[in-house]
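*Asks:* So you can see what is in the structure, the chains are spelled out below.
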Amino acid sequence: MTTRRLALPAPWTYGFIFALAMWIATTAYAGFGSAGATLSSAIVFGAFSVVVGTGQMFVIASGPGNIDLSIPSVLTLSAYVSMTAMGGRDDLVLVGLLAALAVGAAAGLLNFLAITLLKLPPIIATLAWSLVFQSFAFNFGGEATLKPPLLLSQFAVWRVAGIQVMPLAVIVVTLAAAVALRRSVWGRQLLAVGQSEPAAIFAGIPVRRVRLAAYILCGTMAGLAAFLLAGFTGGAALNMGDAYLLESIAVVVLGGTSIAGGQANAVGIWGAALFFNLMATMLNTFGIEVGVRLFLTGVLIILIVAAVPRGRTT
Amino acid sequence: MADIAAPRPSRSLAVPLRRWTGVGLPALALLIMLAVIFWIRPAAMSYFGFTLLFKLAIPLVFAALAQMLVVMLGDIDLANGAFVGLITCVSAVYLADQPLVAVAIYVLLIACYGGVGLLIHMRQLPSIVVTLGLSFIWLGLAVMILPAPGGHAPAWLTAFTGWRPPLLPLPLWLAAAAALAAHFVVSRSAIGAVLRGAGANPRAVERSGWSVLAIRVSVYAASGFLGVLAGLLLTGLTTSGDANIAPAYTLLGVGAVILGGGAFTGGIVSPVGTVIGAMTLALAGSLLSFLEVPPTWQIGSQGFILFLVLAGRVLLGDKPS
Amino acid sequence: MTKVLEPARPPSQARDAAHPLVRMRGVGKSYGPVRALEAVDFELAPDEVVGLVGHNGAGKSTLMNILAGVVQRTDGDFLLADSPVVRWSAADAHRRGIRCVFQELSLCANLSPAENTRIVHRNLRGLGWRKRAGALITASLDAIFPGHGIDPHQVVASLSIAERQMVEIARAYTQTGEPIRCVILDEPTSALGHAATEQLLAHIRRSASNGIASILITHRLNEIIAICDRAVVMVDGKIVATRPTQGLSRSALVELTGHIEAPRDRQTKKRVAAGQPLVDHRTGLTQDKPVLASAGEIVGFAGLDGHGQRERLRDVYRSMKRGHTPVAYVAGDRGTEGVFGLWSIADNLTVRSLKTLRRGGLISDEASRALASTWAKKLQVKAPSIDTPILSLSGGNQQKVLFARALASDADVVFLDDPMRGVDVGTKQEVYRMIRSEAEKGRCFVWYTTELEELTNCDRIYVFREGRAVVELEGEAIETGRILEASFGGGNG
Amino acid sequence: AGTSARADEGVAKGDTSGKKIAFSNSYAGNSFRQVMIKSFEKIAAEAQKDGEIAGSTVVSSNNSVTEQAAQIQNLVLQGYDAITVLAGSDTALNGAIKDACEAGVVVVAFASGVTEPCAYVVDYNLDSYAKAELDFIAGKLGDKPANILEIRGMAGDGFDKRLHEGVEKAMADHPNYKSVGEVYGQWTATVAQKEVSGILPSLPDVDAVLTQGGDGYGAAQAFKAAGRDLPIIVMGNRQDELELWKQQHEASGYETFSLGATPSVSQVAFWVAQQILAGKDVPKFVEVPLLQIHQDDLDAWLETVPEGGVVNADYSQELVAKIIDANAGKTPLPAIPAPN
Ligand SMILES: Nc1ncnc2c1ncn2[C@@H]1O[C@H](COP(=O)(O)OP(=O)(O)OP(=O)(O)O)[C@@H](O)[C@H]1O
Ligand SMILES: Nc1ncnc2c1ncn2[C@@H]1O[C@H](COP(=O)(O)OP(=O)(O)OP(=O)(O)O)[C@@H](O)[C@H]1O
Ligand SMILES: [Mg+2]
Ligand SMILES: [Mg+2]
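Chains as they are written, first to last, in the working numbering: chain C, 11 to 324; chain G, -4 to 316; chain H, 633 to 1125; chain Z, 265 to 604.
Hints were generated in silico from the structure; no laboratory data involved.
From the three backbone atoms N, C-alpha and C, an ideal C-beta is built for every residue, glycine too.
Any given hint might turn out to be false.
Claimed, not checked - Restraint ranges, calculated between C-beta atoms of paired labels, are given here:
id, chain 1, residue 1, chain 2, residue 2, range
1, G, Thr260, H, His651, 45 to 51 Å
2, H, Gln1061, C, Arg192, 36 to 42 Å
3, C, Arg192, H, Ala873, 45 to 51 Å
4, G, Leu23, C, Arg99, 48 to 54 Å
5, G, Ser206, Z, Ser443, 48 to 54 Å
6, Z, Ser443, G, Thr260, 50 to 56 Å
7, Z, His513, C, Arg192, 52 to 58 Å
8, G, Ala99, Z, His513, 57 to 63 Å
9, G, Leu23, H, Gly1113, 53 to 59 Å
10, Z, Gly491, C, Arg192, 37 to 43 Å
11, H, Asp774, G, Thr260, 27 to 33 Å
12, H, Lys763, C, Ile298, 55 to 61 Å
Produce the complete structure using the sequences and hints provided.
*Replies:* Below, the structure written as C-alpha cells:
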C-alpha cells in the first residue's frame, strides 16, 4: 500500500515561483528588452525588504505572538542618528554604520524590556515604542532630509562588472542568517523557544537571552537597512520607513516562516521580496486603474499563501 | 481526601483579579484621563462635553468588537480598518439614493468575511497574511467605488448620530448597549461558551461534535457585521465616505482588545473590557490636545500612555497574555 | 491498594454475548506507510469493563479514537448495537451514547468546568444554562470523586492537572439526553493521584452494574486486573490475546504484551562517599528539610498528590539551571513541557546537547545524528528512523525521546518530573535499569513520581506535606506503608 | 470686476488680543509638515508677543482622520476661538467642523479641499498647479509628441485626485503628449524612487515627469540608476531637488522648473483666522499663490533653503491681508517675491 503523492515544491519556493511568473508577465507586456533592468531594479529594492524581513523573521520565529511593529520608526530613527553622526563626511562612514546598528540594537533591547518587564504582548509593546521612536526622530531634525556622505551614496550604487554590490552584500546576510538558523546553537535554540517556551525552559535553554538576541538582531537589521536605504535614496527622511511595516511581516510569512513561531526560512524571504516588487512593477506596467491595482495586489497575496501546501496541523 | 482538596491559596484571588484587571484597569485609566480633562477644562463636564469627547470613539468601539471576535478565535484581522473605510464609501455613495443596493453590498461583504474565515480554516492559513491581503482588496474596492473622499450620508443616518437622547449622551448609550449585548452573547450565552472554547482548543470542540469550520465562518461574518455597523456610524458622524479614513482602527482595535484583558492565545476576550479599552484609547488622543504637549512629542506621548495604562497590569500581578 | 474494589465484580455470565454493544471486524488504520492498526476484531458487551493493554505505540489509542469517531478507519467493518456503521463522527458517537476521555486532555482551559460541560451537551442552553451545567458537572464529580473541592465556575486553567483530569472524566459521565452506553478512558489514571484513582476505578465498576460499559486503557496492570472483566492485549497494531481477568496474574499479563517482568531487585549499592552534594536546596521554611543529593544518588520526592513536590523539583531545577553544575530535566507533561512538535526525533533528542555538538563553531550534522541514533537505540524508541517527526510517535515513545535527551546530555544532575506517565511496563523496566546504571556512573537523579512503587528504585526519598519536605527515608525504609504514613502526617512528621 | 476701493481693504484692526487660535494637523510624519508646524508656532508666538492673540496650540493626529476629528472637537471644548485645519480628508472632518462652527468657532481649512460650507478654505488652485507644470514643459518641448510620466500621491486621497484632474485638463490642451505611465509615490522620495525604478524598464523614452511634491528627487535618482538621461522633472521646491537641478545645469545645461506649496501656508491660515476674528470680511475661498522657481531665481532660492529642507517664506499679516483682498476683489494674487 504505497500512497503516491505529487511532489510539490517546498513552501518557501512559492515566492520565487510567483515572482518569476510576474517577471515573465511584465516583460512579455513591455518587451523582452526590459527583462534585465526590471529584475535588477526588483533585486535592489527587494534587498531592503530582505534586510528588515530577516530581522522580523528572527522575532516571528521566537514564538507565537512575537512580532516587531517598530521596524519603520527604528529604521527612520537609525537613519537620522547615523546621518547626523557622519555629518556628510566620508571618513566617518564606519562611525555612521555603527551608530545605525547601535540605535537599532538599543531599540530591540527596549522592545524586549517592555515585553518582559511590563509583560505586554509584543504587538502592543513594539507599537507603543514605535510611537516613541517616531517622536525621537521628529526631535532629531525632522524638518529636513539629512544627506549621506558621498562615499555611502556611491557604495549603494557601486557596481563591479555590471553587478551591483549592495544586493550581493544582502545575499551574504541572508546566507549567514540561514546558516545561523540551521547550524548555530542560538539558531536551534531560537526555533525551540519558538515552538514551546515551557519545553525550552526544561530543555535547559536560556529562553530570555535567546529571545532578547532575536529582538536585538531585528532592531540591528532595521538599523542596517536604514544605513543602506539612506545611502541609496539620498538621505534620512521622516517617512522613509513607513513602507516597511506590513511588508516586513508579509515577506517573512510568504517566505515560508511560520507565524506561530518555531520555524523559519531566510532564503524564502528573497522570493517573497522579489514577488512583492515584481508584482508592483507588473501592475504599474499594465497601467490598470489604481483601485483594481490594489484589489489585485490583495488577491495575489492571498493566492500565494493559499497556494502553499501545508499539512493540517492537529 | 486531603490529596485532592489540597489548598492552593493564590488561586481564589487570581481569578477575580484577572477579571477585574480586564475591565477595571482600562476603566480606571479612562476615569483618570477624564479627571485630568475636567480639571483642565471644567466646562467639558456636561452633556455636550461628553458628547464631543466620546462621539468619535463609538465607531472605534464597534470596530474593536469586530476585532475582538476574530482575536477570540486566536486570529487577528489586519483588514478591519480598511473594511470600515470601504463601508463608509459604500454608504456615502449608495445608502442615501439606492438603499437596497447598499444593503445588498453590505450583505455581500459580510458574506465575503465569512468566506475569508472559510478559506483560513480550510487551508489552515495564517490569518495575519490573509487579512493583510484582504486589506488591499477592501482598499481597492473602496477606491473603485469612491475615488476621492466625498459622497453624502443619508439624512436619517446623520440625524441618528446627532440625536440627543435623554439622560445620557448618545455615545454613552451606544457604548453601554454594545458592551452589554456583546457581553451577553460572548461571555454569558450558551453559544458564547462554545465560541470561546473553539478559540482556545478547537480540537476539543471539534471532538465534542461541533463544526469549528462553521464556527469560524459565522464568527468572521459576525465580525464583518460589526465592521458594517462601525462604518455606518462613522459615515453618519463624518457625513461622507473616505477610503483612507480608518486604517488606524486596525491597530487601535487590537490595542483595545488587549487593554480590555484579551489575549492572542484565543478564547480569552472581554467585551466590556474591549469597549472600555476602545474608549480609553480614543480619549488618549484627546488628552494630549488638552495637555498641550509639544507637537514633536505628541506621538511619543501616546506610546507612553499606552505603557502607563498597560503597566498597571504588572503592578496588579496579572499574568502576561 | 486496590483491595476496596474486589467485591464489586459482577458475575460475568450475566452478559449477553450474542448482542454486543460494539463489534469491530478487521478494522485497520494506516498513516501513510505506517500501519497503526491491522485487521483488529473487537467486541464489547453492554455492561462490560474491558481493559486494553499493550506497549507504547501498540495502537490502543488509535483503536479507541476510531470508536469515538475522531479518527476514520481505513478498512474493516464496525457495528453498533448490531447495525452497521458507515459514516461515523465524534458527533455521531456522542449521539449514540459513546463517550471518550482522550489520552491528551480535551478541555478548553479558558472555560470553566460548567462551560466545558456545556460544550459536549447541545441541549444545555437557554436561560439558566450555566447553573444547570454547573449542577450537572458538580453532581458527576461528587458521584465519582467525593470531596473533590472543584468549583464548577472557575476557569480550568487554574486547576491542577489532576483536577482537570477529574473534570474531564466527570464530564464524560454527565448525561442530558441520550443515555450513556459506553465510556472510553484512555490512560485516565496517569494524571490522577492515588485516592482519586481508586475512586474512579470504583465508579467504573458501579457504572458497569448500571449498564454503562467501559474500556480502560492503562499501563498500570494492577488496575486492569482489579476491575476489568476482560483484558485485551495489543502488540504492534494487532490484538494478540483476550483473557478474562479472573485468575490472571500480573506477570502473565506482562508476558502477553511481549515483555518479561523483571524481578523487583533492589540492589543496595554502595553509596559513593558523599563529598560535596551536587544538589543543596534550602527554603528556610520551618520543618522543611534541605534537599540534598550527591553524585551517584537517586533521590525521590514522595507524598500525596499536590503537596508541593513538583513545585520544589522545579525550584531546584531553576536555581541550578544558571549555576555551574550541568542539569537536565525530564518533563512528564510531554505535550506542553517536553516535545518540540515541529521537529524530528533527532532534533528533539539533541537540543539539550547543542553546545557539545559544535565543530568549529557550527553544529555538526554528523555528530548530532550519531548522538541521536545511539540514544534512540539505547532506549529502543519505536520509529522508522531518527528523522521521523516526533508527534507521529505514540505517547510512550515520545517520553523515551525525552529521557534520551537528558541522558545523552552532559548533565550531572537529572530531574525527573513524573516521567513514566504513559510509559508501558516493558519500557519502564528498561528505564529503571538505565537510571540505575547511569547513577552508578556518577550521575545524580532527583525523581518526583506519583507511582509509589517507583520509589523503591531510589536510594533516599523526601516525603512532602503541605509544601515542605517533612520526612526523609533511606534504603530499606522506603516502602509503601511508611511513605503513606509520613504523607498523612504520622511518623515523625 | 469690482476694482473700487472696498471699505474693509487692508489689515482689519479689530481687537483679537483675547482670542486663541489652534492648528489641527492631520499628520506630522514628514519634513514638510514639520516645517509647517514650526512656521505656525513661530508666527503665533510673534503674534502673541505683539498682543494680537492670547494663545495658540498645535495638535497633530497620526494620519488618523477620526483622531483628528476628535481633536477638533476637543479644541472646541478647550475654548479656542478659531481653528485652522490641515484636514486629513476632504470630507471626513465635515461633522466635526460643523459642530465647531455651530459652537461659534471660526474654522479655516487650508491646503485641503474641505467641503463643509461653514469653513473658510485657504487653498491653492490645483488646476493652475497642473497647468503651470504642463505650460513649462510645452515651453521646452513645443508641441511635438512627448512621453509623460505622472507621479501621483496616494490612492483615494482628495488632493491627489484634484491635482490629477487638473493634469488631465491641462493634458487635453496638448494632444501630442502621451501619458506613458502613472505610479503612486505617496509624496515620499523613497517610495517614488522605488515605483519609478520598477516601471522605468518597461517605458520608452520619457520626456517629462509630472510630480506632486516630495517625489522629484526620488524620481531623478531612479532615472540616474537606470542610466537614463534626466527628463524634465518638475520639481517640488525641496532643497535636494534644487541642488540636483543646479548641478545638472552646471554640468549639462539641464533646465527645469519647480513649484509647490510652501509649508508657511499655515501662516496664511493663521492670519486669515486672525483677520476674521478681527472683523475682516473674508471670502469663503482664499486662493494662495504657489511658489514658483525658475532658472533665474534658482541660486537665490537655494541660498535660503536649509540643507535637506523645503523652500519656505514667511507670510506677514499685511501680505495675507493683500491676498484676501485680491481674492475678494478677484484681482491677481500678489506673487511671492524671490529673495535677493
Ligand atoms: N519562578 C518562576 N515562576 C514563573 N515563571 C518563571 C520563573 N522563572 C522563570 N520563569 C519564566 O520562564 C521563562 C524562562 O525562564 P528561565 O529561568 O529559563 O530564564 P532564562 O532565559 O534562563 O534567563 P537568563 O537568560 O537570565 O539565563 C521566563 O519567561 C520567565 O518569565
Ligand atoms: N497522526 C499520526 N501520524 C502518523 N502515525 C501515527 C499517528 N498517530 C499514531 N500514529 C502511529 O500509530 C501507532 C499507534 O499509536 P497509538 O497512539 O494508537 O499507540 P498507543 O497504543 O496508544 O500507545 P501509548 O501507550 O504510547 O499511548 C504508533 O506507531 C504511532 O506512531
Ligand atoms: Mg495511546
Ligand atoms: Mg501512552
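*Asks:* Next step is simple, just say for each hint if it's right about the structure.
*Replies:* Here is what the structure says about each hint:
no.	hint	verdict
1	G:Thr260 to H:His651: 45 to 51 Å	47 Å, holds
2	H:Gln1061 to C:Arg192: 36 to 42 Å	38 Å, holds
3	C:Arg192 to H:Ala873: 45 to 51 Å	47 Å, holds
4	G:Leu23 to C:Arg99: 48 to 54 Å	52 Å, holds
5	G:Ser206 to Z:Ser443: 48 to 54 Å	53 Å, holds
6	Z:Ser443 to G:Thr260: 50 to 56 Å	52 Å, holds
7	Z:His513 to C:Arg192: 52 to 58 Å	54 Å, holds
8	G:Ala99 to Z:His513: 57 to 63 Å	59 Å, holds
9	G:Leu23 to H:Gly1113: 53 to 59 Å	56 Å, holds
10	Z:Gly491 to C:Arg192: 37 to 43 Å	39 Å, holds
11	H:Asp774 to G:Thr260: 27 to 33 Å	32 Å, holds
12	H:Lys763 to C:Ile298: 55 to 61 Å	60 Å, holds
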